[in-house]
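Given next are the chains, with one letter for each unit.
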Amino acid sequence: GNSVTQMEGPVTLSEEAFLTINCTYTATGYPSLFWYVQYPGEGLQLLLKATKADDKGSNKGFEATYRKETTSFHLEKGSVQVSDSAVYFCALISGQAGTALIFGKGTTLSVSS
Amino acid sequence: GAGVSQTPSNKVTEKGKYVELRCDPISGHTALYWYRQSLGQGPEFLIYFQGTGAADDSGLPNDRFFAVRPEGSVSTLKIQRTERGDSAVYLCASTVTSGSGAEQFFGPGTRLTVL
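The listed protein sequences derive, respectively, from chains U and X. Just so you know, we're using my numbering here: the first sequence kicks off at 462 and counts up by one. Just so you know, we're using my numbering here: the second sequence kicks off at 44 and counts up by one.
Any given hint could be a false lead.
[Stated by the list, open to error] Here are the computed lysine-lysine pairs in the DSBU-like style, where the Cα-Cα straight-line distance is at most 30 Å:
#1 X:Lys-121 with X:Lys-58
#2 U:Lys-566 with X:Lys-54
#3 U:Lys-513 with U:Lys-529
#4 U:Lys-529 with U:Lys-566
#5 X:Lys-121 with U:Lys-566
#6 U:Lys-529 with U:Lys-517
#7 U:Lys-513 with U:Lys-566
#8 X:Lys-58 with U:Lys-566
#9 U:Lys-538 with U:Lys-521
Calculated directly from the structure, the hints in this document are not laboratory data.
All chains, please: the whole structure from these sequences, using the hints.
As C-alpha cells, this is what we get:
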C-alpha cells in the first residue's frame, strides 16, 4: 500500500544551522508529494509541493526535490530560524489510490537562539 | 473568516455517548476531507466528500462513524457509542478541486476526549 516514512524527531538545532528532514515514500503510480507544517497552536498548512519527478518545491527558504529513483522527498533549509520551530509532515497523494493525503508521522523541529 | 472552521474546538464526552463534530469549509470549495490525528502520529484519512456525496469513505474505522454534507458545504462527523480509543484530534480540510496536486486547506481541528 501507499505510505510515507520520515525521520523521527525531535530535531534540535541552533539558529542558522542547516536542516535536513528525510522522507521516503511507497506509492503506486506517480504520486504528488507535499510537506505540511504545523506551528505551535496553529493548524496544518502547506509548506511546499512537487507533482512530478525532478520537480523542486520551495517556500520560505525550504526546498525539497521529488526523486523518483530513490522515492524520496527530503526537506532542506540552509539556515534555520527560531520561528521555524514546528512539526513537519511529509505526505503524498497517490491519485490512483484516491485523493486523500497520506501522511508520515511528523518530525518535530526545535531551533534555539 | 476565509479559512476552514471547526466546532467545537474541544469536546469531552463519556464512553458510550454520541458526538457530532462540525466543519465549515472555505466558501466555494467542493471537496471536503475528514482526518483523524492521534497523539504523536500524522493525520489519517477518514472520508472524502465531493459535493454532497461521500466519494470515498474507506478510512472510516467502523460503522460507529458516519459523516454527512447535505447541502454540499458544512459537514458533520458523527460518532456513536464513543470509545476511549476514539480520543484524537479530528481535522477537516477543503479544496477547490480534488486533483492529486491540489492544496488542501486545514481547519484547526476538534480535540475529542472520551473518558
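**Item:** Straight-line alpha-carbon gap X:Lys-121 to U:Lys-566, limit 30 Å
**Value:** At roughly 25 Å apart (the allowed maximum being 30 Å), U:Lys-566 and X:Lys-121 satisfy the hint.
**Message:** Check the hint pairing U:Lys-538 with U:Lys-521 against an upper bound of 30 Å on the C-alpha distance.
**Reply:** 9 Å, holds
**Request:** Below or equal to 30 Å on CA atoms is what counts here, so check U:Lys-513 against U:Lys-529.
**Result:** At roughly 9 Å apart (the allowed maximum being 30 Å), U:Lys-529 and U:Lys-513 satisfy the hint.
**Request:** Compare the distance between the alpha carbons of U:Lys-513 and U:Lys-566 with 30 Å, and conclude whether the hinted pair is satisfied.
**Result:** This hinted pair holds, its Cα atoms lying about 23 Å apart.
**Restraint check for X:Lys-121 with X:Lys-58, where alpha carbons must lie at most 30 Å apart** = Given that 30 Å is the threshold and the Cα spacing comes to 14 Å, the pair holds.
**Prompt:** Is U:Lys-529 close enough to U:Lys-517, meaning Cα to Cα at most 30 Å?
**Reply:** 12 Å, holds
**Message:** Given the hinted pair U:Lys-566 and X:Lys-54, is their Cα-Cα distance within 30 Å?
**Reply:** Measuring from Cα to Cα gives roughly 24 Å; hence the hint holds.
**Asked** Is U:Lys-529 close enough to U:Lys-566, meaning Cα to Cα at most 30 Å?
**Response** 21 Å, holds
**Prompt:** Regarding the pair X:Lys-58 and U:Lys-566, is the alpha-carbon distance no greater than 30 Å?
**Reply:** Holds, at roughly 27 Å.
Of the numbered hints listed earlier, not one is contradicted by the structure.
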